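Novice: My request is simple: use the sequences and hints to build the entire structure.
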Amino acid sequence: MADASPMVIMEGVGKVYGNKIQTRVLWDINFRVERGEFAAIVGPSGSGKSTLLNLIGALDKPSEGEVRISGESLGTLDDEGLARLRRQYIGFIFQFHYLLPDFTALENVLMPFYVAHSAPTKREVEEAKELMERVGLKDRINNRATDLSGGQQQRVAIARALAGRKPLILADEPTGNLDTQTGSEIFRTMRDFNEQDGTTFLLVTHDPRFAEQTDRVISVVDGRIAEDRAVLHPSQ
Amino acid sequence: MPFELKVALRYFRSGGMQTVLTILGVSVGISVSIFIASLIGGVQAGLIERIIGSLPHITLEPRESVPKPLGDILTPQKSQIYLSRTEKSGLVEEKISDWKSLVGMLDREPGITAVSPSVAGPGFVIAGTSVQPITFHGIEPLRANRITDLNKSMREGTYDVSGTNCVIGVSLAKELGIRLKDKLRTRSGRGRETIFTVTGIFDVGIEEINLRSFYISLTNAQHLLNLVGYINGIELKTAEIFKANDIADHLGAMTNLKVKSWMRQQKEFLSAIQAQTGSNLLIRFFMMLAVAFGIASVLVVSVVQKSREIGILKSMGARTRSVTLIFVIQGLLTGLIGSLVGSIIGSALCWALAQIPGDNLTKPGSLFPMKLEAIYIVQSVVSAMLVGVFASLAPARRAAKLDPVEVIRYG
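Sequence order for the protein chains is X and A.
If you read the first sequence in numbering that gives the first Met the number 0, its first letter stands for residue 0, the second for the next number, and so on.
If you read the second sequence in numbering that gives the first Met the number 0, its first letter stands for residue 0, the second for the next number, and so on.
Since the hints were made in silico from the structure, they are not lab data.
Fair warning: this is a prediction, and the values are worked out from it, not measured in the lab.
Be a bit skeptical, because a hint or two may be false.
[Claimed, not checked] No more than 25 Å apart at the CA atoms, straight line, and that leaves these computed lysine-lysine pairs for BS3-like:
1) LYS60(X) to LYS266(A)
2) LYS259(A) to LYS94(A)
3) LYS370(A) to LYS400(A)
4) LYS259(A) to LYS121(X)
5) LYS400(A) to LYS19(X)
6) LYS242(A) to LYS257(A)
7) LYS5(A) to LYS137(X)
8) LYS151(A) to LYS182(A)
9) LYS370(A) to LYS151(A)
10) LYS128(X) to LYS5(A)
11) LYS266(A) to LYS242(A)
Specialist: In structure tokens:
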């Protein structure tokens, strides 16, 4: 059964960019992420963290090795297949939120439903409103994306990533553009969703403070996994 | 509402001044296209009305009798040479018998709107010492009026050829100093004489007809030209004047009569009309080309402006087809709205110009002979929408090919 399989499996994954002049970004990456994990990918700039995230997010294909998302191998899928995989399993949160400015906050959260099958159902609208409530923006649903603060926009981006009960959320520096206080709130919101709904989170972050609050830290240095360790919290 | 339409509408609306200017550009192109089509259409309609309006579109005539060459009659002898010339006899009768059933058949023929049997032949009008050559036209007035619309062209008197009444042109009346109710002595080429009373004087705008045509009843013409029981021509009007050749060929094969189509008789006029039509199409084609470039350039800019958003949509799993469709819909909307606005502006322009008093070449009363037809508007709207779609294809394809990783990271 697909649901029983790990959320992410990376086996001997490598990534090379360019044809004439080739640049290798990732070497022999091997790890797996179980369902419900809350993990951080850390490493210096240019180490290959974002490339790794793009491969897991089915936005890119590996040059070698195999990436499996919920049991499905990316290598066997064409572009439409990758798009279907993203619709089905994966939500993205980017550093600069990237909401669609021509739409309201609620419409942004509903966007994955529009993308999947045109008009969202009544139940899906209710789900989007509930997500907006859970990220604390119940009274901002009809605001244009551009009429929200940076922190509010990132909350909407989280709600959008979760819409459709996506089992895997990939967050690329989600707190990188926020002040410490707002960053903590955003981190807490993601953690709540992980704990309450069992959603798998993979966070790329530069901030060791947040990385140490996750359950697992995968450290990438020069395109290789330098360290993959569990984080022990005081309560554990 | 489908996702693609929703996003396209939102992008369209958020385009602001950019969207307004593009729509205005399309509108100007469409309004000029409608204006040019209406103006050239009006000029053409006027010219056709003036030059072809009073002429039959097709004429059926008896086939000419061909005298046998002398060589066929004489048996050549050895060492003898015959010099001979084949000459048509002026006395050979060319006539159509059983014409009533033929007219009845033509009445039922599709594509033909009027059928008029006629007897035409040469003659003279003798007024005092003046002798003026004329052509007798024996007609059935109601039928003939549907061909020449003489009733509408009457300048004096009435269109009445009953009994020994006749209708003549203004030029003949002027030439001989004739007035209404004057008696005219006429003589046919057969030497038969009749006195007619002038009941009407017409002006069809063509000097040859105004000077030479002498309209009398069919019976009188048959008597004068020694064709009692026969006619020597049938004149026809067709519903679509540019199908005259096809219908003429069809009738020629069907009746075994000699057929003449206005398109073959008035070749120079026809080629002038065709040149006008060609230039009209050319101007409208280049207008549409300019509209296409306008739409395409704005959509290319829009793709650049929205590239990051396209990347986000793709990261959510938006299909390549959906991304393409978003920009195609924008092109379609620009063409549709621009052409609707352009149709209103173009129609208003045509109406306004038609109100300017003056005399144009074809019709007095208005300086511009505008002929605005619904088909011009329908053509413009449909072609602008198609142009919008085609113009959007390249930018749409470019948008669909955007790499989400690249555009999300670098914009």
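Novice: Each hint: holds or not?
Specialist: Structure-based check of all given hints:
At roughly 69 Å between alpha-carbon atoms, LYS60(X) and LYS266(A) are farther apart than 25 Å, so this suggested pair is violated. Straight-line distance between C-alpha atoms of LYS259(A) and LYS94(A) comes to about 16 Å, which keeps the hinted pair within the 25 Å bound. Using a Cα cut-off of 25 Å, the hinted pair LYS370(A) and LYS400(A) is violated, with the two alpha carbons roughly 47 Å apart. This hinted pair does not check out: LYS259(A) and LYS121(X) have alpha carbons roughly 73 Å apart, beyond 25 Å.
Restraint check: the Cα-Cα separation between LYS400(A) and LYS19(X) comes to about 22 Å, which is no more than 25 Å; the hinted pair holds. Among the hinted pairs, LYS242(A) with LYS257(A) is consistent with the structure: their alpha-carbon atoms are about 17 Å apart, no more than 25 Å. For the suggested pair LYS5(A) and LYS137(X), the alpha carbons sit about 23 Å apart, so the restraint of at most 25 Å is met. Distance hint between LYS151(A) and LYS182(A) is fulfilled; the C-alpha atoms sit about 24 Å from each other, no more than 25 Å.
Taken as a hint, the LYS370(A) and LYS151(A) pair is honoured in the structure, with Cα atoms around 21 Å apart against an allowance of 25 Å. As the CA atoms of LYS128(X) and LYS5(A) are separated by approximately 20 Å, the hinted pair is consistent with the 25 Å bound. Of the supplied pair hints, the one linking LYS266(A) and LYS242(A) holds, its CA atoms being roughly 14 Å apart against a limit of 25 Å.
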